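Chains as they are written, first to last, in the working numbering: chain A, 1 to 326; chain B, 327 to 692; chain C, 693 to 1054.
Derived from the structure by calculation, the hints contain no laboratory data. This structure is a prediction, so every number in the text was calculated from the model and none was measured. For glycine and all other residues, C-beta sits at the position ideal for the given N, C-alpha and C. Each statement offered as a hint is correct.
One-sided excerpt, in silico: chain A residues whose CB lies under 7 Å from chain B:
| id | residue |
| --- | --- |
| 1 | Lys204 |
| 2 | Tyr206 |
| 3 | Ala209 |
| 4 | His211 |
| 5 | Ser212 |
| 6 | Gly214 |
| 7 | Asp224 |
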Amino acid sequence: MSLSTVEVVSTEAPAETPGVGGIEGRSPLRLVLARLRTDRVALASIGVLVLIVLLALGAPLISAITGHSPTVTNVDNGTDANGQPLPPGTGGFLLGTDNLGRDILVRIAYGARISLLVGVLATAIATVVGVVVGLFAGYFGGWLDSILARLMDVVLSFPYVLFAIVLVSVFGASLPLVILVIAFFSFAAIGRIVRGQALSQREKEYVEAAHSLGAGNLRIMFVDILPNLVAPVIVLATLLIPAAIIFEATLSFLGLGVGPPTASWGNMLSDAEGVGFQAWWFYIFPMLFLLATTLAFNLLGDAVRDALDPRTERIFAGRRKKKKPA
Amino acid sequence: MLDVVPSPAPAAGGEHLLRAEGIVKHFPIKEGIFFKHQVGSVKAVDGVSLEVRRGETLGLVGETGCGKSTLARCIMRLFPLTAGHLTFDGADLSTLSRSQMRPYRRGMQMIFQDPYGSLNSRRRVGSIIGDPLAIHNIAKGAERKKMVQGFMEVVGLNPEHYNRFPAEFSGGQRQRIGVARALALRPKLIVCDEPVSALDVSIQAQIINLLEDLQGEFGLTYLFIAHNLSVVQHVSDRVAVMYLGKIVEVAEVKDLYGTPRHPYTNALLSASVVADPDKARSRDRIILTGDVPSPINPPSGCRFHTRCPKAQAICSTEEPILKSGAGDSASHLAACHFPVADGEKIASGKATILHAVEGFLAEAPK
Amino acid sequence: MTLLAVDNLTVSFPTADGIVQAVRGLSFSVEPGKTLGVVGESGSGKSVSALTMLGLNPGADISGSAVFNDRNLLTMSQRELRSIRGADIAMIFQDPLSSLHPHFRVGWQIAEAIRAHTDMDKNAALNQAVELLRLVNIPQPERRVRAYPHEMSGGMRQRVMIAMALALKPKLLIADEPTTALDATVQAQLMELLIQMQREVGMAMIVITHDLGVIASIADEVLVMYAGRASERADARTIFFSPHHPYTRGLLGSVPSATGVTGGRLVPIVGSPPSLINVPTGCGFHPRCPFAMEACIDDQPPLESIPAGADHSSACWLPPELTGVGVATDTARQRYAGTYRGPRSSKLPGVRAAASEAAVYA
Chain A
1 MSLSTVEVVS
11 TEAPAETPGV
21 GGIEGRSPLR
31 LVLARLRTDR
41 VALASIGVLV
51 LIVLLALGAP
61 LISAITGHSP
71 TVTNVDNGTD
81 ANGQPLPPGT
91 GGFLLGTDNL
101 GRDILVRIAY
111 GARISLLVGV
121 LATAIATVVG
131 VVVGLFAGYF
141 GGWLDSILAR
151 LMDVVLSFPY
161 VLFAIVLVSV
171 FGASLPLVIL
181 VIAFFSFAAI
191 GRIVRGQALS
201 QREKEYVEAA
211 HSLGAGNLRI
221 MFVDILPNLV
231 APVIVLATLL
241 IPAAIIFEAT
251 LSFLGLGVGP
261 PTASWGNMLS
271 DAEGVGFQAW
281 WFYIFPMLFL
291 LATTLAFNLL
301 GDAVRDALDP
311 RTERIFAGRR
321 KKKKPA
Chain B
327 MLDVVPSPAP
337 AAGGEHLLRA
347 EGIVKHFPIK
357 EGIFFKHQVG
367 SVKAVDGVSL
377 EVRRGETLGL
387 VGETGCGKST
397 LARCIMRLFP
407 LTAGHLTFDG
417 ADLSTLSRSQ
427 MRPYRRGMQM
437 IFQDPYGSLN
447 SRRRVGSIIG
457 DPLAIHNIAK
467 GAERKKMVQG
477 FMEVVGLNPE
487 HYNRFPAEFS
497 GGQRQRIGVA
507 RALALRPKLI
517 VCDEPVSALD
527 VSIQAQIINL
537 LEDLQGEFGL
547 TYLFIAHNLS
557 VVQHVSDRVA
567 VMYLGKIVEV
577 AEVKDLYGTP
587 RHPYTNALLS
597 ASVVADPDKA
607 RSRDRIILTG
617 DVPSPINPPS
627 GCRFHTRCPK
637 AQAICSTEEP
647 ILKSGAGDSA
657 SHLAACHFPV
667 ADGEKIASGK
677 ATILHAVEGF
687 LAEAPK
Chain C
693 MTLLAVDNLT
703 VSFPTADGIV
713 QAVRGLSFSV
723 EPGKTLGVVG
733 ESGSGKSVSA
743 LTMLGLNPGA
753 DISGSAVFND
763 RNLLTMSQRE
773 LRSIRGADIA
783 MIFQDPLSSL
793 HPHFRVGWQI
803 AEAIRAHTDM
813 DKNAALNQAV
823 ELLRLVNIPQ
833 PERRVRAYPH
843 EMSGGMRQRV
853 MIAMALALKP
863 KLLIADEPTT
873 ALDATVQAQL
883 MELLIQMQRE
893 VGMAMIVITH
903 DLGVIASIAD
913 EVLVMYAGRA
923 SERADARTIF
933 FSPHHPYTRG
943 LLGSVPSATG
953 VTGGRLVPIV
963 GSPPSLINVP
973 TGCGFHPRCP
983 FAMEACIDDQ
993 PPLESIPAGA
1003 DHSSACWLPP
1013 ELTGVGVATD
1023 TARQRYAGTY
1033 RGPRSSKLPG
1043 VRAAASEAAV
1053 YA
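So here's chain A without its partners, still in its complex pose (with noise of 0.2 Å):
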């Protein structure tokens, strides 16, 4: 994961031009979304990402059509003569079977609820605690964000797998220990920059202005600086859910994670492991709905944060041009 390179995006929405006869009523969210919609990459990105929903929503529904479960073993129908896995296409099995003869397809599927279940709500939780740890050691400095600050180094610096290994032999391996495990190693990535933020926004005038009228302190924190955050925090989740796919496949592959029989991308590859170019369908879907998620993601992440940056209100200018020839 390497969260700490990413870098802080400026928290002013796209300016408007004040004044009058200038630009009326349109909140920052329409903006940033008028602006995504020009961005291509973005766009094919949300498909992608649209598509892989969908085929997690439907899950079940390719399990009923096709006939065939993620789980049960299918030798007798899903292998050859020889025992071996089949290949895309044959048999009614559209993207080839397993060791155990099971369909390749419906396991993707399955497995793409559990990778996006894993990479959301891991993320949620990691977002809403480095949110919380972040304002608060931001805001109030001094003792509190010495030891705040310095746990999330700590979380930051430490060796995630040998430890989710421990933890695993420990409560035995299960997805809500998985979801844990990995928000807890994301937090951190969201908090520092949430403190960084923190603490610039609490020298802000209108921090004074909320001090001058009798705001309390927790007041201040999420309903006048939490909204200065929303920016930066936004980009930083949507980088942090392709993380958190990765960081469950690893796991899953390594055995920690997600066991037999359910599927996950992870240990579908590690499955697929010593079969060689003989069965490439056994490892390649995987890893490809693997990379064109991560991908999708981490692409979306860059349009949304070139779409909340003030700055980059020329790339935008030159396709609306395009756009509407003069």
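Given the structure of chain A, go ahead and fit chains B and C onto it with the hints provided.
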């Protein structure tokens, strides 16, 4: 609808709405790698006493580093006082904690200098102006919205713009939003920290007129901080002049501008630019030598003695007290051992510049 | 004999939201040894015009001419302009902290400027820098010459800028809001310095500012700009005591210490400066003008002398007899209301029938 906010409690504490005695605010300077220890302090406000009468506008002038902004924040109790007493409407605010201060905040509010930084750009205008009402649990939902829109109209904003963001307004309008926010709690005192300095000239006049109108309509008392002496002269009833953390002179506005007693006040007035070509060119400017000393190590005795054209030995040893001179009204106070008498001329610094110019011209041409 | 003659300067910038017409046909001239004060608020185009003349706005659409010493600055290449900048025309800016390089010592920066235009060696240039610092009244110049900009106060930094600007004894100095960021006493010192330098060196000055007090102290002639055009031009006393254009009068009415207002209520101009993308038709000031007529909406008044031949020009359809009225007081408005107030178009944004200052609708 503006009467929904309960009117301020009947006046306590007599004629003076605000009384500050011996206010001191030092900011510590810390050094050290692991354990920071204090090596010195910035003496931003170093013993200021003043009173603000009900319904008046007290102007506070001074240059950068004189401590006027810090004094404003001390009065607003935005941070704890290093020392001193602060009485507002009869109540002693000197050592109150933040939560203890909260109810008193309804009586005093602040308008800030920067129309862009003092509003949260991520919140809608209605929410910004309604913030004080929300914090103090006044009105809810539609009722609150009506009140906010009422205040918007009072300050000259279109109430239909309730849901807009600050970025959609011009600088002058944003300052009006700040004024509406300060009014929402119907305070008695409004501290204006350079409210017009960041605005265009024509907009400045609009805001000044607005503040004057509101003072009449809402019975407000102002502490008006600015560095533009003409603006302060226009709006104030009394004016106080600050230098390096202390008040050097305070008087009714016509006394201060007509017969200033403190040499610094004289220098300041002679330096201020007047929009009148005849007066501007005929004026004899008092040019002060040297730079403003650092507030970390203020000069001994009278702080102004290092730059004062009238300084004598006593000025560096004994700090003068703020008192009224012979022949002046009781309200005209100056802290000076040798106040400037009527018609007295203090040295001007034109000579030094001419010297250097001659030398420059004597050099070889390009 | 005119040092600088600007004719119909137009500068526009294409942006995402439309074309910003920063300057829309500006014409003026500067005589040697005189000071021209350019007054305007934000969006008037005063800074943009100065920067454009020196070729510091390369991305803009520029038309018109700016003739300096018989050569048109607007058609020169960057190389030719570089030889003029600093040597013939010098410029100082508002915020010396951002116009001085933060990483180089102050003396080095001045010496750089000198060596760019002469063939002095490093030591000679540095000595010259010390002398220049002494000239602008910086104490202990031998020591200060080795200081970094952030180690100096605002006033001192501005003096360094002036020293750099004067190093090569330019014929024209353009000062863009030179004293805005400074305290009153420092402001006074700097203006004294500028006046003295100008008188002794014999250079012309263009002082761009929004501060009428600065104009009153330093300008011989005044050019008032609004929405990218000149609205009035005259010598300083005329502008302050007998202005013609309603905008000038509105400005004077907005300033507490200006002539004509004696401690009474200020009479500000309604509304805000216009958007430079959607500039009002005709005279750009008409949405805010208490004297606006039909003609003002339809046709842009040219900058013409009033009365014909005199050195006072105004871009306004109001007849010349209105000079000497002073500020746009209510009485003045009423006096001319019957004769001049024509029907207003209801399509004008934010215009109210009476020029009341209470409401400022967007």
